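**Q** The listed protein sequences correspond, in order, to chains D and R. Read in order, the letters of the first sequence are residues 280 to 767 in the working numbering. Read in order, the letters of the second sequence are residues 905 to 1305 in the working numbering.
For the record, the hints were derived by calculation from the structure and aren't laboratory data. There could be a bad hint or two in this list.
[Claimed, not checked] Covered by chain R, according to a simulated footprint, are these stretches of chain D (three or more residues, beta-carbon under 8 angstroms):
no.	stretch
1	680 to 693
2	702 to 708
[Claimed, not checked] Label-pair distances were calculated between CB atoms; the ranges are:
no.	chain 1	residue 1	chain 2	residue 2	range
3	D	Pro669	R	Glu925	42 to 48 angstroms
4	D	Met748	R	Gly968	24 to 30 angstroms
5	D	Met748	R	Lys1235	55 to 61 angstroms
6	R	Asp1068	D	Ser633	42 to 48 angstroms
7	R	Ala1036	D	Leu364	29 to 35 angstroms
8	R	Ala1036	D	Met748	18 to 24 angstroms
9	D	Ser633	R	Gly1268	51 to 57 angstroms
10	R	Gly1268	D	Val674	49 to 55 angstroms
11	D	Thr670	R	Lys1143	49 to 55 angstroms
12	D	Ser633	R	Met1226	47 to 53 angstroms
13	R	Asp1068	D	Ile624	34 to 40 angstroms
14	R	Gln952	D	Thr665	44 to 50 angstroms
15	D	Thr606	R	Gly1219	51 to 57 angstroms
This one's a predicted model, so the numbers in the text were calculated from it and none came from an experiment. Beta carbons: idealized from backbone N, C-alpha and C, even for Gly.
Single-letter residue listing:
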Amino acid sequence: MVGITSYGGYIPRYRLNRMVIVQNMAWYFPVIMAVAGGEKAVANWDEDSVSMAVAAAYDCMAGKDRKGLDGLYFASTTMPFADRLNAGIVAAALNMRENGVNNADYSSCMKSGTTAAIAALEAVKAGTKKNVLVVASDQRRTKMATMFEMFYGDGAAALLFGNKDVIAEFKGSYSINCDFVDHYRGHDKEFDYGYEERWVRDVGYGKIIPEAITGFLAKTKMKIEDFSKVIYPCYFSGTHSAIAQKLGIDKARAQNNLHSVCGDTGAAHPLLLLAAALEEASPGDKLLVASFGQGCDVLAFEVTDKIKDLKPRIGVKGSLANRVELTNYQKFTKFRELITADLGIRGEANPNTSLTLLWRRRKMLLGLVGVRCRKCGTPQYPIYPTCVNPTCWSVNDFEDYEFSDKEAKILMFTGDMLAASVDPPAVYGLISFEGGGRTMLDFTDCNLNQLKVGMKAKMSFRRRVTDNMRGFTGYFWKAVPQVEGGGE
Amino acid sequence: MATGIRDKVAIIGMGCSKFGERWADGPEDLMAEAFGECIQDAGIDKTQIQAAWMGCCFDEVGVGKSAIPASFALRLPNIAVSRMENYCASGTEAFRGAVYAVASGAYDITLAIGVEKLKDIGYGGLPEFSSAMGMTYQQWLANMTAPGGFAMLATGYASKYGIDMGDIKRAMAHVSVKSHANGALNPKAHLRKPVTEEQVLNSPHVAYPLGLFDCCGVSDGSACAIVTTPEIAKSLGKKDLVTVKALQLSLSNGTEFAYDWDGAHFITTTKASKEAYKEAGIKNPREEISMMEVHDCFSVTELVTMEDLHISERGKAPKDIMDGFYDLNGKVPCQPDGGLKCFGHPIGASGLRMLYEMYLQLLGRADKRQLPDPKFGLTHNLGGFPFMNVCSIAIVGKYSG
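Let the sequences and hints guide you as you build the complete structure.
**A** Structure representation (structure tokens):
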């Protein structure tokens, strides 16, 4: 049996109520008031498509063997590198095997997530791969006071495909590929360029999605009534309903598009909606998922008993529950670098990232892989040739030790107003890991006033360096303090 | 068997520039100012100096690499000059080089000079130092500054001893108030205004829980010492010799940071001070140390250091501080010259500036700050961060030989 063996989701913790955008920008373009309901998810200043993909991938791999992955396909339209495998960064953060795997980027289209999923399923079906992880993520910058600013949210989703312990069996796919350009982002352009909404609704979403689903049903001889959930992205709420109506899907069976709680997450959205549907699914349920972007991919799955055995995860539901309102519109625009604020002379330091060093220490720097002493068992980070335990001091007798999935505890911390930061104060501290090991990390997604020594923290892969001079983006891990009852 | 440095080397001259924002002067001017005073005090000719050590930390922004800047600034007669760089211990490290060279018998008379020109970078605080720990740390270590790195100590300390942060803040405020009071008496100090506890507690946040008045001055300055053997000193006609009683250095090896540490003390200071007392023949530092100049880069550093120097008991430094134990009229006056807090902190010069005050006090030349009959003076530098640092301790005193 081939199909989905696990899923994961990630929605960043900041939520921007659309009324905040309206209050700040409706003077400029009042039309945005028409879609002012609900809120959108906003990536923190240190997040991007790659970092969110890593979060979703870890969520998906909970209880699964990351070393067993034969490939990682990353889908996004907002990858930080045009030439450097972005999937490779995600794979390194997962501390995946390097030999005998195939990683790939699927890009430049809203349906690239589902296209990657089809490729993964076909590889598993063909028997050339056993486990392929598909991660889709997008963090699209938008011009202020635009419909895109209202509609787009940030987020990521991951699906693991395989042939063992399948939780949702693959029942076939069908695709339409056509050069329908509702919007595009040209080379070297910062923002999306969109065409008239009426045309996009009526000739795009409203026509292409039903056509693809109808084509799928004809091909597979399945009926729309067979499906307990039909999943497709469409941020025009009216059109979303109209598509359901056109296909004969009652309201309860059309998967909510998450407009009111998250916004449209681009290439990630079809997979994110599918992950949300899987969270609610019962064995025997059939799920139909469609995407949209220069055509449409349609995939069908049937949920199996194995879904009950899946380890608990944060998922879409958990991510949505971990929510902090971003009430400051200027902060949002600064996070997305839509406005210029002075970082001070101290912030001008722009060291070149040493690629030789990054290669030599890739496990340590991207995978948060330290070592454990074979003699005394002490986990340690960073890596030095001599064991840090003063009663041991054995030399070069180590095995790899992953810290990325370990829970930690805060030992000491501060909030630094002097450090150049996009979101001062820069909060950081010394943490100790459950099971041994400690290190000094930046903290993120937290409020200084809520921190206490002894508080738990989890690891999160974040963007660390944005080197605008050379175009390099650097990543590392940060600690996310776990405030009981939710943070502020 | 090593016998230590006690009484093997005497200081025959010292000099210290005025510390502060010396907009009009470069590092060469600061060195010349300190050296002018020093050579006059020593009463020797420059050509009698056989070797020199220059301490400087931020070579990139001020002085430049190598020891050539000192050789050029002082027009030293083509002698051996070495540059010492070991974070905030750089000045004391230069002194150690000069002292050890004399003690070894390799030279008769040597010079140690520390200098730092910080106020040429265009912004407050220390220069950005993301490259100071090498390229690997640059790729992952927290986005840290000096105040933030030390501020964390307060959270570790409060948690370990179950003390309310408000109480620690008050003790920290007293540390700063005391240093400001002392600095006001010192014409060479950078900051010469007394402050109140209220002012310290209400100063703007720099790094939680440190406010602006918990942080030392960032200054330009230079200080230096000329050393020789007690015998040569006597032959030069010197009386009331000040000799080196102990010189110790201890470096972190990563345990704090990656293995085991309570976040409420300095492992290095705890060790170096113990070794220094042994070297100096001091059995009960709380009773025997007459005065100290410690590395109060931040008020919390001084607070914790009182315990690491084995003068306050563990967990009791706030009480001693509030009791006035370390005030100018207290049992063990700390920072009689104003400390880093008010005299200022040109990194490479600081260790030698501390020794300068001890030297003045021991010779009875400390004017309004003069302490009654001091015997042992201790200086302490702490470079780096609480979790990875270089600690130097020096003890000087009247020559008893």
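**Q** A separate judgement is required for each hint: does it hold in the structure or not?
**A** Verification of the supplied hints:
no.	hint	result
1	680 to 693	holds (count 4)
2	702 to 708	holds (count 4)
3	D:Pro669 - R:Glu925: 42 to 48 angstroms	holds (43 angstroms)
4	D:Met748 - R:Gly968: 24 to 30 angstroms	holds (25 angstroms)
5	D:Met748 - R:Lys1235: 55 to 61 angstroms	holds (56 angstroms)
6	R:Asp1068 - D:Ser633: 42 to 48 angstroms	holds (45 angstroms)
7	R:Ala1036 - D:Leu364: 29 to 35 angstroms	holds (33 angstroms)
8	R:Ala1036 - D:Met748: 18 to 24 angstroms	holds (21 angstroms)
9	D:Ser633 - R:Gly1268: 51 to 57 angstroms	holds (55 angstroms)
10	R:Gly1268 - D:Val674: 49 to 55 angstroms	holds (54 angstroms)
11	D:Thr670 - R:Lys1143: 49 to 55 angstroms	holds (51 angstroms)
12	D:Ser633 - R:Met1226: 47 to 53 angstroms	holds (49 angstroms)
13	R:Asp1068 - D:Ile624: 34 to 40 angstroms	holds (37 angstroms)
14	R:Gln952 - D:Thr665: 44 to 50 angstroms	holds (45 angstroms)
15	D:Thr606 - R:Gly1219: 51 to 57 angstroms	violated (42 angstroms)
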